[in-house]
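Turn these sequences into a full structure, and let the hints steer you where they fit.
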Amino acid sequence: MNASTLTRKPYTPKEAVDRLRHGDLGAWPVVGGLIAIAVVFGSLNEHFLSPENLTNLALQMAATGTISLGIIMVLLLGEIDLSAGSVSGLCAVVMAILSVRHGWNPVLAIVVALAAGALIGLLHGIMFTRLRMPSFVVTLAGLIGWQGLLLYLLGEGGIVNLPFDGFVAKLSDTWLPPWLAWVIIVLLVAVSGGSSLLTRRLRLAAELPVPPAWWTATKIGGLAVVLVAVLLVMSADRGVPLLLVIFGTLVVAFDLVLRHTVFGRWMYAVGGNVEAARRAGIGVTRIRVLAFVLSSTLAAFGGILSASRLSAVNQGSGGSDILLMAIAAAVIGGTSLFGGRGRTYAALLGILVIQSITNGMFLLSVDSSVRYMVTAAVLALAVAIDSLARRGSAT
Amino acid sequence: MISATDVSKRYGAVQALQEVSLDLHPGEVVALVGDNGAGKSTLVKVISGVITPDSGGVAIDGERARIGNPHDAQRLGISTVYQDLALCENLDVVANLYLGAERRRWSLLSHIRMERSARDLLASLDVRIRDIRVPVAMLSGGQRQSVAIARALIGEPRLVILDEPTAALGVEQTAQVLDLIRRLRERGLAVLLISHNLADVRAVSDRVVVLRLGRNAGEFRTADATQESIVAAITGAAA
Ligand SMILES: Nc1ncnc2c1ncn2[C@@H]1O[C@H](COP(=O)(O)OP(=O)(O)OP(=O)(O)O)[C@@H](O)[C@H]1O
Ligand SMILES: [Mg+2]
Chain A
1 MNASTLTRKP
11 YTPKEAVDRL
21 RHGDLGAWPV
31 VGGLIAIAVV
41 FGSLNEHFLS
51 PENLTNLALQ
61 MAATGTISLG
71 IIMVLLLGEI
81 DLSAGSVSGL
91 CAVVMAILSV
101 RHGWNPVLAI
111 VVALAAGALI
121 GLLHGIMFTR
131 LRMPSFVVTL
141 AGLIGWQGLL
151 LYLLGEGGIV
161 NLPFDGFVAK
171 LSDTWLPPWL
181 AWVIIVLLVA
191 VSGGSSLLTR
201 RLRLAAELPV
211 PPAWWTATKI
221 GGLAVVLVAV
231 LLVMSADRGV
241 PLLLVIFGTL
251 VVAFDLVLRH
261 TVFGRWMYAV
271 GGNVEAARRA
281 GIGVTRIRVL
291 AFVLSSTLAA
301 FGGILSASRL
311 SAVNQGSGGS
321 DILLMAIAAA
331 VIGGTSLFGG
341 RGRTYAALLG
351 ILVIQSITNG
361 MFLLSVDSSV
371 RYMVTAAVLA
381 LAVAIDSLAR
391 RGSAT
Chain B
1 MISATDVSKR
11 YGAVQALQEV
21 SLDLHPGEVV
31 ALVGDNGAGK
41 STLVKVISGV
51 ITPDSGGVAI
61 DGERARIGNP
71 HDAQRLGIST
81 VYQDLALCEN
91 LDVVANLYLG
101 AERRRWSLLS
111 HIRMERSARD
121 LLASLDVRIR
131 DIRVPVAMLS
141 GGQRQSVAIA
151 RALIGEPRLV
161 ILDEPTAALG
171 VEQTAQVLDL
181 IRRLRERGLA
191 VLLISHNLAD
201 VRAVSDRVVV
211 LRLGRNAGEF
221 RTADATQESI
231 VAAITGAAA
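So the protein sequences, as listed, match chains A and B.
Number 395 marks the last residue of the first sequence (the working numbering); no jumps.
Number 239 marks the last residue of the second sequence (the working numbering); no jumps.
Errors might be hidden in some of the hints.
[Stated by the list, open to error] Partner residues aside, some chain B positions facing chain A, computed with beta carbon under 7 Å:
hint, residue
1, ALA86
2, CYS88
3, GLU89
4, LEU91
5, GLY100
6, LEU108
7, GLU115
FYI, nobody ran anything at the bench for these hints, they're computed from the structure.
These figures come from a predicted structure and were not determined experimentally.
Every residue, glycine too, gets a C-beta built ideally from N, C-alpha and C.
Structure representation (structure tokens):
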């Protein structure tokens with residue numbers, strides 16, 4: 001066999017339509033939406049696409065995006081976590097109280113807060129799997145209960161300020177020096193390009209089909225262009241924020257785990273068909289508990305990032321619309337509510353959509369009532385696409 | 001050789017199986033037929049470890065086998081394809097073939113190793129799927145059935161049990177699956193096929209075992225048996 005016969009043939013139009021009907025749209029609707037948002041707000045307000053505003057956007061999305069990443073872990077199983085907002089607030093409060101009121105080392109306080117998040121997730125997971133309570137109810141109780149604990153811990157004062165020059169506050173006020181940002185980008189492109197080439201070699205050696213070379217090259221080139229563009233824009237302002245690097249690392253790391261480890265494969269399997277997974281000998285209970293643990297731990301981390309931006313925690317931490325935005329982001333980004341379908345990049349793309357709408361409307365001084373309605377429309381559209389895709393795949 | 005001997009199983013007032021025996025030889029397709037409620041599924045469940053019989057049991061090469069659960073059965077080389085396939089529609093063919101038995105190094109999936117052997121396996125069974133990396137949801141019913149059967153072969157079993165593999169399929173896809181069953185026989189596997197469709201049974205099996213009201217009610221070499229004699233054994237009419 002020569003290489004050309006191994007190349008995967010392009011799809012015929014009929015097959016392409018079929019893939020669309022089955023919900024294999026991938027990230028394209030969101031990317032299209034983002035471009036539309038950029039064009040609309042960019043033309044309505046010249047400040048929207050300015051480096052300063054785009055950098056602010058990056059800062060604004062990291063915390064909720066991290067919470068959204070956790071939500072994806074449970075959505076992949078076809079479950080839901082309504083407690084993520086409360087848990088994020090509660091764990092941020094735990095961190096703040098330990099580090100400020102008790103003078104703990106901030107890193108230790110963060111670790112303990114994350115552990116508290118993991119423990120909460122464990123509790124949710126056990127209630128879901130052992131007591132067989134619907135995840136909706138378990139985490140609804142969590143939403144209320146952990147909020148209560150947060151208020152109790154905060155006590156009379158109701159606010160804990162974090163020192164502006166402390167470790168936690170610095171997290172969201174650290175900017176990568178340009179040389180470091182460039183090194184990271186070169187490394188990212190080299191590693192992803194190298195692994196693509198290596199995979200290609202190995203697949204050819206095993207006589208497996210490979211995508212056309214131009215496609216692989218385009219993907220790597222596209223990645224390089226996007227990364228460099230982001231870097232250039234942010235360098236025109238304060239530089240690349242550490243917060244964005246943290247969030248990006250989480251998204252990429254979890255994507256790799258989900259796609260390349262046995263654990264990830266089993267997550268998708270349980271989300272796709274629990275009965276099949278169980279018969280195949282997969283420990284369904286363990287996977288489910290782990291998903292809730294991951295969700296709450298990431299929520300805790302998101303809460304800490306949010307506290308870092310605010311340099312404080314208060315009674316509103318993790319409240320208001322954070323939970324709803326995190327869930328909406330996951331779904332808008334392309335995670336299926338029915339389980340088994342979605343990637344971690346949904347958190348990044350989805351939160352980018354929501355945060356740009358919020359940010360753009362703010363610049364246009366539109367009332368937040370309108371912002372809510374627009375966000376709702378986008379969410380409804382995303383869920384409609386998801387439901388249609390599911391109908392398509394059921395036939 | 002795998003044999004079930006004098007298997008009895010009672011559900012409350014219903015004697016689902018009474019001293020039923022069945023021999024399964026390598027390279028032979030045995031069809032298990034019988035009317036609704038004759039006890040076919042119950043017998044299969046005993047062999048595949050889903051239930052334990054009240055008396056009697058399964059022997060492998062003459063030695064009594066302890067089959068307490070489906071895992072024991074799988075370890076002993078008994079692989080079952082259930083009627084509701086149990087595929088993950090959101091995963092691709094390779095992932096489904098290796099579900100729960102992923103080839104890995106530490107915890108990392110060996111994508112290439114799995115895809116290579118998946119392709120070899122499917123090719124050796126002459127299963128044609130254009131792109132094995134699309135979700136199983138996008139395959140036809142016959143292709144899904146083929147994937148489910150191929151998956152039963154991953155653990156290198158000696159016996160494959162198929163419960164109504166053609167029930168939901170059209171003419172052409174049924175033919176595909178019957179071809180696949182013949183290829184299992186060529187591989188030297190013992191095959192136990194449950195079916196209500198006598199045409200399929202006659203097309204593909206070497207031997208027909210009839211159950212009636214939980215008892216053995218006849219055994220035929222397919223080549224020698226007439227349709228009428230099999231039907232008579234199923235319904236209990238004097239032949
Ligand atoms: N779990 C159970 N509890 C009680 N009775 C059962 C159970 N499983 C099977 N039976 C009874 O045992 C008898 C044999 O059932 P079985 O399912 O083995 O029949 P079958 O030959 O597979 O029929 P079909 O062709 O309808 O699938 C039936 O009378 C059935 O009602
Ligand atoms: Mg049956």
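Going through the hints against the structure:
{"no.": "1", "hint": "ALA86", "result": "holds, 4 Å"}
{"no.": "2", "hint": "CYS88", "result": "holds, 4 Å"}
{"no.": "3", "hint": "GLU89", "result": "holds, 6 Å"}
{"no.": "4", "hint": "LEU91", "result": "holds, 6 Å"}
{"no.": "5", "hint": "GLY100", "result": "holds, 3 Å"}
{"no.": "6", "hint": "LEU108", "result": "holds, 6 Å"}
{"no.": "7", "hint": "GLU115", "result": "holds, 6 Å"}
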